[in-house]
Amino acid sequence: MERVTDEELVRLAQNGDPAAFDEIVERHKGAVFRAALSALRNREDAEDVTQETFITAYRKLDTFRGESRLRTWLSRIAWNRSMDHRRRARFRRFLHLDAPDAVELPSLTADPERATLAASAHARVRREIDRLPENLRDTLLLASAGDLDYASIAEMLDVREGTVKSRVFEARALLRSTLKDAAR
Amino acid sequence: MNIEENDPVDRAIDEALASMVGGEPRRLSGASIRQAAGESRRSSLPMWLAAAAGLIVALALALKGHAPVLETSVGVAQAVPSPAPVEVRSTPSPESTQALPTTLALAAASRPSVVPTTTEPVYEGLPRLAIASIDLPEPLRPARIDADPLQVPRIEIAPLAVSSLSNEQEHK
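Going down the list, the protein sequences come from chains S and L. Residues 1 to 184 in the numbering used here are what the first sequence spells out, letter by letter. Residues 1 to 172 in the numbering used here are what the second sequence spells out, letter by letter.
A few of these clues could be false.
[Claimed, not checked] One-sided and incomplete, this derived list gives chain L residues near chain S with beta-carbon spacing under 10 Å:
no., residue
1, A16
2, L28
3, A36
4, A37
5, L49
6, A50
7, A53
8, L126
9, A130
10, A132
11, S133
12, D135
13, Q151
[As the list claims (entries may be wrong)] Over 10 Å on every C-beta distance to chain S, these chain L residues come out as not near it, computed from the model:
no., residue
14, I33
15, A62
16, V152
17, P159
Hints are computed from structural coordinates only; laboratory data are not their basis. Glycine included, each C-beta is placed from N, C-alpha and C at the ideal position.
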């Protein structure tokens, strides 16, 4: 199955070959997971969305006409699901006045002092990324995941490719300036 | 993507981004997805069945409600005589001058009368319901109620004295 193209896998899966669908999942689950993680920034939620994405894909594979790449199609499903998830979470927070999602921090290693410093610096950068405007942060995280090129991200987000490029540039510039100001 | 590779701030940003969106899903495989998809499809099937069954029952009830009432013989000893034609004596509207009483009379006359049948053929042999006697509750008698005498507190009213009026009133 390794050398079979995505188009061929889709055709086989559409004809009811379970092994072809399993290969699709194996080949793209990482990219789908990272797209969901870019939107949700929580691994448990991203795993749930990844599963939902492939369940949807399994049911709607017949509707896939190959107009976009399979990875882009799957990532777009994941992105839409993540947006639904995000809206629901926001609504729940609004109703229950929950605290915002906890930021996942790296665990401390053998050298506690150095690790603490590194962790605090790391946490600071992450905090600044979290504080970015949503459209900039989403685009920056999607681009940083490295699974999709700018054209695919643009297709996913329903914006122009130039918009994706400028958002990534703007997000990085904003982060750099904030972090440098804080370091002074 | 990196503009200034050697800048420590950029490095820190890249590291943070990599840690935020890196990794693989742990509990996911094609087989588990197919199984989950199949299960959720199966679990949704009884819901559709239940909804369809509910609709059919509701439809049947609605049809039964609108269907003409069939008078069946259910072991009535005496048939109820059909009511006499009703005549409505009201001021007739200009559109319907004599139409209403005639219509009602015709409708009543055309209603089929109930034909008496043999007594209790349907319930024959079935166990009968025995209704236990009900003791009537003790009737409420007004004599039993001891009414408290109504006491009106004494109100003392001071007699009106001329001296209590002010000078100004007096002047008037």
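Tested hints:
Here the hint on A16 (chain L) is kept, as its CB sits about 4 Å from the closest CB of chain S, short of 10 Å. With a cut of 10 Å, the hint placing L28 (chain L) at the interface with chain S holds, because the nearest CB-to-CB distance is about 5 Å. The beta carbon of A36 (chain L) comes within 6 Å of a beta carbon in chain S, closer than 10 Å, and the hint placing it at the interface holds. About 5 Å separates the beta-carbon of A37 (chain L) from the nearest beta-carbon of chain S, less than 10 Å, and the hint is met.
Taken as an interface hint, L49 (chain L) does not check out: its beta carbon lies about 20 Å from the nearest beta carbon of chain S, beyond 10 Å. Checking A50 (chain L) against chain S: minimum C-beta separation of about 22 Å lies over 10 Å; hint violated. With a cut of 10 Å, the hint placing A53 (chain L) at the interface with chain S is violated, because the nearest CB-to-CB distance is about 25 Å. Annotation: L126 (chain L) was flagged as interfacial toward chain S, and the flag is violated, the nearest CB pair being 55 Å apart, outside 10 Å.
At a threshold of 10 Å, the smallest CB-CB gap from A130 (chain L) to chain S is about 58 Å, leaving the interface hint violated. At a threshold of 10 Å, the smallest CB-CB gap from A132 (chain L) to chain S is about 55 Å, leaving the interface hint violated. Of the supplied interface hints, the one on S133 (chain L) is violated, with its beta-carbon coming no nearer than about 59 Å to a beta-carbon of chain S, more than 10 Å. With a cut of 10 Å, the hint placing D135 (chain L) at the interface with chain S is violated, because the nearest CB-to-CB distance is about 57 Å.
Of the supplied interface hints, the one on Q151 (chain L) is violated, with its beta-carbon coming no nearer than about 59 Å to a beta-carbon of chain S, more than 10 Å. Its beta-carbon lying about 4 Å from the closest one in chain S, I33 (chain L) breaks the requirement of being farther than 10 Å from that chain. For A62 (chain L), the requirement that its beta carbon stay farther than 10 Å from each beta carbon of chain S is met, with the minimum near 35 Å. For V152 (chain L), the condition that its CB be more than 10 Å from all CB atoms of chain S holds, with the nearest at approximately 59 Å.
Against the 10 Å criterion, P159 (chain L) stays outside the reach of chain S, whose nearest CB is about 70 Å from its own CB.
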